[in-house]
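A.B. asks: Residues per chain, in single letters:
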Amino acid sequence: MPATNPLYLDANASETLRPAARAAILAALDAANPASIHQFGRAARHILEKARETIAQHCHARPQDLIFTSGATEANALAIHALGANRPILIGATEHDAIRAPAEATGRAITVPVTQSGIVDLAALERLLADHPGALVCLMAANNETGVLHPIQAIATLCAAHQAMLHVDAAQSAGRIDADPLGAGATSLALSSHKLGGPKGAGALIMAPTMADRLPPLIIGGGQERGRRGGTPDLPAIAGFAAAITAIGPDEAHRLQSMRDLIEDGALALGAEIIGHDAPRLPNTTCLAVPLVAAQTQVIALDLAGIAVSAGSACSSGKVARSHVLDAMGLDALAGCAIRVSLPWNCQDDAPARFLAAYQDSITRALHKADRSHIASAEPVA
Amino acid sequence: MRVVVAMSGGVDSSVVAGLLHEAGHEVIGVTLQLYDHGAASGRKGACCAGQDIHDARNVADRLGIAHYVIDSEQAFRRNVIQAFADSYAAGQTPVPCVACNQHLKFGDLLGLARDLGAEALATGHYVRREDGPTGPELHRAVDDARDQSWFLFATTRSQLEFARFPLGAMASKAEVRAQAARMGLPVADKADSQDICFVPSGSYADIVARLRPDAVEPGDIVDAEGRVLDRHQGIGRYTVGQAKRLGAATGQVVTRIDAPRRRIEVGPRHAGAQIVSLRDCNWLIDDQTQPRRAMVKLRAREAPHPALIDFATGTVTLEQPSLAAPGQACVVYDGTRVLGGGFIQ
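Here the protein sequences come in this chain order: A and B. Position 49, counted from 1, in the first sequence is what my numbering calls 49; the numbers after and before it change by one each time, with no gaps. Position 260, counted from 1, in the second sequence is what my numbering calls 1260; the numbers after and before it change by one each time, with no gaps.
Simulated from the structure, these hints should not be mistaken for laboratory data. Just so you know, even glycine gets a beta-carbon here, dropped at the ideal spot from N, CA and C. It is possible that part of the hints are untrue.
Computed spacing ranges between beta-carbons, pair by pair [what the hints assert, rightly or not]:
1) 1200(B) to 291(A): 36 to 42 Å
2) 367(A) to 1086(B): 33 to 39 Å
3) 1086(B) to 291(A): 58 to 64 Å
4) 1201(B) to 367(A): 39 to 45 Å
5) 1161(B) to 5(A): 34 to 40 Å
A few chain A residues that face chain B, going by a derived Cβ cut-off under 10 Å, partial list only [what the hints assert, rightly or not]:
6) 7
7) 22
8) 296
9) 297
10) 304
11) 330
12) 332
13) 334
14) 353
15) 354
16) 356
17) 357
18) 361
19) 362
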């Protein structure tokens, strides 16, 4: 049963919908098919192309290089399908399944290790680039679980030096940090509407100008998106996507970071460890670990107290599973004991105090219990 | 009170959650994901949840209770599936449901329930927990046909203290289904689960063969004097008391499995022993010093035998000789009450 006045701290799973996005969705609900030749079609097309311009501009790209998709998962899959054909595909060890699964499905995926801080190991990347000429490198700008940022500029420079292409999964970073992966030299960029306060159901793949024109589509159909993605676009979602990206406030990141830092100070005082603490990170995200308290126990206890956080990335079964991201960072047993707190754009000032009170309750209860035997299942088998 | 309900997605545990919710408790449904359903069904890329997990979530949603899915694959693989195969490779006949109850339901899940500040863990087992003069007692279910007490003998007294079994008092499965229908639960007409949940096709030998190929290497079928009567295709396909797959020895039964020599020993159908030694015993009585007469069940589905039980040594002396299969449970009853039991050596 939901606690009264629940507190949502799981923005990296899905940002809270921004009011401007809601208004844009509602305004676009009656739109016709943007491919139709009549005035209704033209009106719909106006919404679609305005949205394309807005989002492209935000990403320092040309509108014609932006392909709307159903989300970042599809954008990533399209990038790997279109750019990665017959090439080695280098992926970061902490990538989201939206990159890992399609890359591994090609049978040509090679994993690039990360450091203990969760940052891609540049020396290892350089060696792999030298060993695998003409590769497609797929890396996330910001990690969904830890918020750790990869140095996209340095990565792009390495890729250019080895004639490799670079696809950046910007699902978590877009709107949260100032970054220009395309300007840095990336070949393509994946975006997600609902990670930046728009609705679910929209995303985009944005290409560098030289790459965009004839990409083999993943979904073949009526020639929409200039033949690069078949299917009538989800106009309300796309309109909401564009409205959300415009609505991001200039001081939002700073405000969220102050609250995030309050949470981290409090958590450290309770004996928690902060994963990726010494790395550059997203302002709204923290990954907190308490040795010996299983992540699933913490997430459930907090949920029962009305605080919504997560562990690992959301799986369609809803199970609380072990994090491959934290495993890749070499955290061993601690990997099974970490939760992610990610503050939404509209986070209230009392959130840090409310979170910390419930957090203290849940870990104290679990740590003071005599029987620790069940923890065994949260730890790796020797 | 806050109570965690182990929800499998079946009708029984769904009704337990519903009844406790109706009674005004704060019910937290938890489903243990025991194995990768995508892998089990051979569908690559299928995400983890099987139909049972979806059903459990739908029931929790219908009731309006919190529900969580816990990844218990690793613990289940180690403590139940691997132990199952190892047991066959050692010439024994395991009871995986007992291992699952011990390690998963009344081990990990009970620990989680305590961590969450719950006061009880309820399951859909057909047994009764009664408050006795010196603590909780475990009793057979009212519905004899559904009784699962044999599978729960290893529940310790401290686990029993925390456990609740609302279905033990139900007159019949029909009554449970009627309750499910009354509460509008989407699983009211769902079929009962199979015997061994991780053997979907019913061919347990395939799993044993995969995990312990040594258990399916051929060997000899011999008589009590060691004379070779025929060949067999792996000791993992046999259990003491079995009459099938004996080739030239048809008409007899398996009396012993000699794992090191990969021999299946056969004898006449009336063969058996009077003394049965137990290991890993769990007794649910205060005084374990005095041997006493009671009834024992050496198999899940059989009529109880009278016997003398020495609790201190785990020795059971049967009044009539019987073929006891090593690895199976020997559960001791006094009337409806379970006094405990152990695994046959």
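A.B. asks: Compare the structure with each hint and give your call.
C.D. replies: Results of checking the hints against the structure:
1. 1200(B) to 291(A): 36 to 42 Å: Given about 38 Å between the Cβ atoms, the range holds.
2. 367(A) to 1086(B): 33 to 39 Å: holds (34 Å)
3. 1086(B) to 291(A): 58 to 64 Å: violated (32 Å)
4. 1201(B) to 367(A): 39 to 45 Å: The hinted range 39 to 45 Å holds for residue 1201(B) and residue 367(A), with Cβ atoms some 44 Å apart.
5. 1161(B) to 5(A): 34 to 40 Å: The hinted range 34 to 40 Å holds for residue 1161(B) and residue 5(A), with Cβ atoms some 35 Å apart.
6. 7: violated (16 Å)
7. 22: Interface hint status for residue 22(A): violated (25 Å vs cutoff 10 Å).
8. 296: holds (6 Å)
9. 297: Holds: closest Cβ of chain B sits about 5 Å from residue 297(A), inside 10 Å.
10. 304: holds (6 Å)
11. 330: At about 19 Å, which exceeds the 10 Å cut-off, the nearest Cβ of chain B leaves the hint on residue 330(A) violated.
12. 332: Nearest chain B Cβ about 14 Å off; hint violated.
13. 334: violated (17 Å)
14. 353: violated (21 Å)
15. 354: Violated. Min distance 18 Å.
16. 356: violated (18 Å)
17. 357: Violated: closest Cβ of chain B sits about 15 Å from residue 357(A), beyond 10 Å.
18. 361: Interface hint status for residue 361(A): holds (9 Å vs cutoff 10 Å).
19. 362: holds (8 Å)
In summary, the structure is inconsistent with hints 3, 6, 7, 11, 12, 13, 14, 15, 16 and 17 from the numbered list given earlier, while agreeing with the others.
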